[in-house]
Amino acid sequence: MLGYIFKRLVYIIIAMYLIISATFFLMQLAPGSPFASERELPAAIEEQLNAKYGLDNPWYVQYKDYLVSTMTFDFGESMKYKGRSTNDIIAESFPISVALGLQAMILAIGLGVLLGIISALYHNKLPDYVSTVIAILGISVPSFILAGLLQYYLSFKAGWFPVSGWKGFTYTILPSLAIALGHAGSIAKLTRSSMLEQSNSDYVKLARAKGLGKWTTVFKHTLRNALLPVVTYLGPLLAGVITGSFVIEQIFAIPGLGRHFVTSITNRDYTVIMGTTVFFAIILLFAVLIVDILYSVIDPRIKLKGAKK
Amino acid sequence: MAQNDPNLEKISPDMFKVVGGRFNETEQLSQKQVSFWKEVFYRFSQNKLALIGLVILFIIMGMAIVVPFVSQYSYDQNVGLYNTAPSAAHWFGTDDLARDMFVRVWEGARISLFIGLTAAAIDLVIGVLWGCIAGLSGGRVDNIMMRIADVLTAVPYLLVVIILLVVMEQGLIPLIIALSITGWVGMARIVRSEVLSIKNQEYVLASRTLGANKWHLIKRHLIPNAMGAIIVTMTLTIPSAIFTESFLSYLGLGVQAPMASWGTMASEGFKALTSAPWRLIFPAVFISLTIFAFNAVGDGLRDALDPKLRK
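Protein sequence lines, in the order shown, are assigned to chains A and B. Under my numbering, the residues of the first sequence are numbered 1 to 309, in order. Under my numbering, the residues of the second sequence are numbered 310 to 620, in order.
In isolation and in its complexed conformation, chain B is listed as follows (with noise of 0.2 Å):
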């Protein structure tokens, strides 16, 4: 058909000539260059769960950094009003020993991302370290603490942190060891896997070749290539710390008074639900929104570090 086509026969070769072009240029680049990190950001600010998440965090720590300086009350001062509703005067209602839970909560707030955040950070220096350790070293020292790694995944964890917890004094120190006795082996397992994937590459070889040592290139090629994952498992390690505080708290086993989490304010207001709901419904209301907070910007930041996913 498109042989008989009558402009076909119109169209000759010599109908077509270079008009010209910018050779000397091809090599340049057609686009600018965008950094990584640039990039993880664009379509991370493209994600509106995330970016929702990130911002009742801000608003979050915001509120628990200032509100226990500005309040006129302090966490365990008697203002003589016994389980009265929210009002003007005590935006949250008052408790059973007559404290303002409007600077409860934000106190509360401040000891509940205090242990989800050490916890992470605990978890993120062994883990590092162990992973990095054991994905360099390879053979049988990889084979040794991957093994000690194994056998830790399979102790149950809630069980060794109530364990534990029941044996040493309840506070917060002894709650955040108890977390972060097993927690870190999963951040050990990624850091690994990294560090396999990454030791291989031409450039951690070319550092080597100069005679870089273990350290040079754990600070300078492993670590921050391995980054993402890291930050991403952190930022799911928070709320998990944080709601299994709450859990062990309910059992009696979380931060002592006069000192409050989320936790144990919910625990507390529990008891107290048929007569002063307010006192479950603010812990719990804020306990609920910082893991919705810390999932919703982990799985973005996650989403945003997937290579697979760039378009």
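Chain A extracted, bound-state conformation (with noise of 0.2 Å):
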């Protein structure tokens, strides 16, 4: 176990001093500068610009002061918003992101196992039939067109919910929404076949032949064993949460970091770019990280490459 976590943090090391590697010189290789504007900046001034943020420096001056800043959780001063340094904005916005990506997490789970449990107890009848295309729709529909859809049609003609902004509990339905139905929809399938994968196995007839209801058996003893495969995709959820975020936040006006990030790339705002880049890399490795470590505390069968017997 200890030398599979080992591994693996090497991995993420690596991947980690790629991806920083890789933001740093594609963003050298980048065209447009942060200070190009309409208006022409005077030359003395750009220079002094160029000089503030290290800019003028050689490649490999500027790729080392990167690294250690980096190393450091130094990101510097946003390019755009003078003032404004890359952790200020991390540090404002981030807790939102993650108050969304929670609430979608949940919902998430919460109703694709629940669709996955419906089908699987109605296999083959009209509420299998009914869940199995909730799930296909959320699965098809891109979730941007979602968000869209839901915010035109609920909140703009029928006003049950604000439009856009976040100031309470619900402006977060709709946002939280248009994130978890997609992956509801692939956990509704995963439960759905894993369901009724144990629903043949001994033990849950023994369950049934002893009498008790069907949800009980469902709760106390298939759904323990079912859940198993739904555990492996908290990782591949995790990523898609945070990487929905960069539109629904856009959508509906949330100030998260998803929004910073995506509007920091129209605004060629390197450091932001960069220190949002790294801050989300690190986020994603270790999440997944820790999904992994996860599954194997939980299912005992499990035993992960590099383990001791």
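Everything labelled a hint here was simulated from the structure, so no lab data went into it. Just so we're clear, the structure is a prediction, and the values are computed from it rather than from any experiment. Think of the CB as a built atom: it goes at the ideal place given N, C-alpha and C, for glycine as much as any other residue. Treat the hints with care, as some may be off.
To be verified - Think about it this way: if two alpha-carbon atoms lie no more than 20 Å apart in a straight line, the pair counts; the simulated EDC-like pairs of lysine to aspartate or glutamate are:
#1 B:347 / B:608
#2 B:357 / B:608
#3 A:7 / B:459
#4 B:357 / A:128
#5 B:580 / B:405
#6 A:214 / A:197
#7 B:357 / B:615
#8 B:347 / B:615
#9 A:7 / B:451
To be verified - For the chain B half of the interface with chain A, some residues (derived, Cβ under 7 Å), not all of them:
#10 464
#11 472
#12 476
#13 575
#14 597
#15 601
With the hints as a guide, dock the two chains, each given alone in a separate frame, to form the complex.
Have a look at this one:
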């Protein structure tokens, strides 16, 4: 187990180094400068700006500075919004994204597992078809289209929810639903097939034979084992929720990190792009590692590679 | 109880005798042998959802090929009607630049499908070669190649794609490169694990003993036998590429005007949702239908190819 975690940590470090270097060199090659705007700056001012951000150094000095500052989590000041450091932006907007993401994840898991159970319990009957159709719709419709439709019909036309912003619980419902529905579909599919597999096993038959109700059997016996494949989906789910937030936060005007990331891309705000990319990468890499470790803790049958016998 | 059965006493061994048989034919198989692919095809054709998916795919591909040729409008032509609702003349309405949406949707289908198919094809070529070489070589080569793959999997996909697109000039080819830059890793892993299980089979050993070289083994034995897994992975890569492309288009990183994929059309239609909802609805419906159809076909193929499900 420890050996496995160590190996994974080494991969994470290599991957991080690759990402950090790649963002750096790609940004070096990128066309356009953060100081380029409609009004042309006097040469002296531009020079001074370049000096301030170290853009006048040769690339290897910039690279070294960049590596050092990344190591210390100092991503520097935004090139577009003076006086705002990338760390401030992350500290300010990340909690919002976490709240949205967690809510979306809970919603996706709850809805997905529920749909999966219904499908499996009423196998090849009407409820099965209904929840399968919902799952397929969730998987097939891109999240931004779903978000748009939800926003238009439920907020704009029906007025049930606020259209956009981030001021309270009612504001969070539609965005998290838009992120969650696609993943709920995948989870429902997984739950359904593993529930069906489990329901043929002896212990479930025994539970039924000794007179337990349908739902009691599901919650006390079947679901425990049937949920294992769903745990493997947690890694992709987390990654999906984070990247899904890029678009959803834009649509619903939520001041989260995803939105800042997208805005910084359109602004060519290099320091913010690099900072948020590295930050996202760290979160994603460790989240996936934690999910993998969790999986082996939950299911004793799984022996991670490199683990001691 | 049975011993007291009066009928039992009447039955004695000499009542049984051989009435003749076709002993010389017992060597033959009782049933006509069906080839593997025929069986797969049969099982696939029993899967309704997969068949529906296949039909939808054929219709969408057919329309994408035919419509732009036969239509009286072209995809960037101004027909003089701005933002009109669907009508007999313009089946899907027109957009804010007075372009016929019907042609644009099918022109967009070409681009979206092209992106999906090319990305999948690149994944296929790199992934199959990588997986075959790693699996066949084994030892240190395998170790190094798979560690590279491990690191690439650890890199978050969408972040890389976005960063690459920010830097490269936007267009169709950068988009495809970005989509497949880490996308092939999944294919490589699957092919490698297939190769590992195939390479120790007797027929591969026989072929080796006869002096076959690596390329011959890959061509004649490994790829044909890993074909099932490869096809399934490919059919499932296409929808995810189309999905990602539409997502990127929404961020403004997709195909550039006047060309338009379904993703760009949907994101343009998005801005006009209140005044011209058809501009979002048509591309959205076709993106969703296509993703559904590819997924259904892919799942159907996987079930059909899975020997565990064979009856």
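Subject >> Satisfaction of hint between residue 128 of chain A and residue 357 of chain B, Cα-Cα up to 20 Å >> reply: It holds: about 15 Å lies between the C-alpha atoms, which stays within 20 Å.
Subject >> Given hint residue 459 of chain B paired with residue 7 of chain A - CA-CA distance at most 20 Å >> reply: Roughly 11 Å between the alpha carbons, so the hint for residue 7 of chain A and residue 459 of chain B holds.
**OP:** Report holds or violated for the interface hint on residue 476 of chain B, using the least CB-CB distance to chain A and a cut-off of 7 Å.
**Re:** OK, holds: residue 476 of chain B within 7 Å of chain A, min 4 Å.
Subject >> Pairwise hint evaluation, residue 615 of chain B against residue 347 of chain B, where the allowed Cα distance is 20 Å at most >> reply: 14 Å, holds
Subject >> Interface hint outcome for residue 601 of chain B [beta carbon to chain A under 7 Å] >> reply: 4 Å, holds
Subject >> Agreement of residue 357 of chain B and residue 608 of chain B with the hint, judged by alpha carbon distance not exceeding 20 Å >> reply: 12 Å, holds
Original post:
Taken at face value, is the distance from the CA of residue 451 of chain B to the CA of residue 7 of chain A at most 20 Å?
Top reply: 17 Å, holds
Original post:
Is the hinted pair residue 357 of chain B and residue 615 of chain B satisfied, with a Cα-Cα distance of at most 20 Å?
Top reply: OK: residue 357 of chain B and residue 615 of chain B at ~17 Å, within 20 Å.
Subject >> Residue hint residue 597 of chain B, partner chain A, criterion CB-CB below 7 Å >> reply: 4 Å, holds
Original post:
Close enough to count: is the Cβ of residue 464 of chain B nearer than 7 Å to one in chain A?
Top reply: OK, holds: residue 464 of chain B within 7 Å of chain A, min 5 Å.
Subject >> Hint consistency between residue 580 of chain B and residue 405 of chain B [alpha-carbon to alpha-carbon, up to 20 Å] >> reply: Answer holds: residue 580 of chain B to residue 405 of chain B is near 11 Å, not above 20 Å.
Subject >> Proposed interface contact between residue 575 of chain B and chain A, which counts if any beta carbon pair is under 7 Å >> reply: 6 Å, holds
In summary, this structure violates none of the numbered hints.
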